[in-house]
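Generate coordinates for the entire structure from the input sequences, incorporating the hints supplied.
Each residue of the sequence shown is one higher than the last, beginning at 11 in my numbering.
A few of these clues could be false.
[Stated by the list, open to error] Here are the simulated lysine-lysine pairs, BS3-like style, with alpha carbons at most 25 Å apart:
1. K55 with K103
2. K48 with K95
3. K55 with K35
4. K56 with K95
5. K55 with K43
6. K103 with K35
7. K35 with K95
8. K43 with K56
[Claimed, not checked] Per label pair, the in silico range of CB-to-CB distance:
9. R51 with L121: 14 to 24 Å
10. R119 with E36: 15 to 25 Å
11. M75 with S117: 13 to 23 Å
It should be emphasised that the hints constitute simulated quantities derived from the structure, not laboratory data. Values in this document were obtained by computation on a predicted structure and should not be read as measured data. All residues carry an ideal CB built from backbone N, CA and C; glycine is no exception.
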Amino acid sequence: SSYAYNEFNLSNSDGVFIIFDARGKEHIDPEWKETLMKIIRKLRKKRAVIIGLRVSDDKNYPQLMEEFVIDKDLEEKIVSVLFLKIGTDYREKMYDHIILMLELIVSTRMLK
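Below you can see the structure in the form of structure tokens.
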């Protein structure tokens, strides 16, 4: 099942970890980009966002990732954004992703 949140409070968040299920998709859902933009707008400066794209092994991960064109939106805020490929072994790697997010939060907070 999937979950979508219309309203969420990120005022006290140092980082956000969001996963989009792109299995069987040729293109991202336009709503995903809008959700990501809402998150970036609601975050304070010097915060971190990790976007996990869960893909099938046969999908073109780089193409899906490129469809999240957000460079212009990041110019105003100092927000670190990291994309991760989440494959069939996602359960084993989830802890590594969480550790990576914590490290990204720490390094982003040190930016001037």
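Of all the hints given earlier, name the ones this structure violates by number, lowest first.
-> 1, 3 and 10
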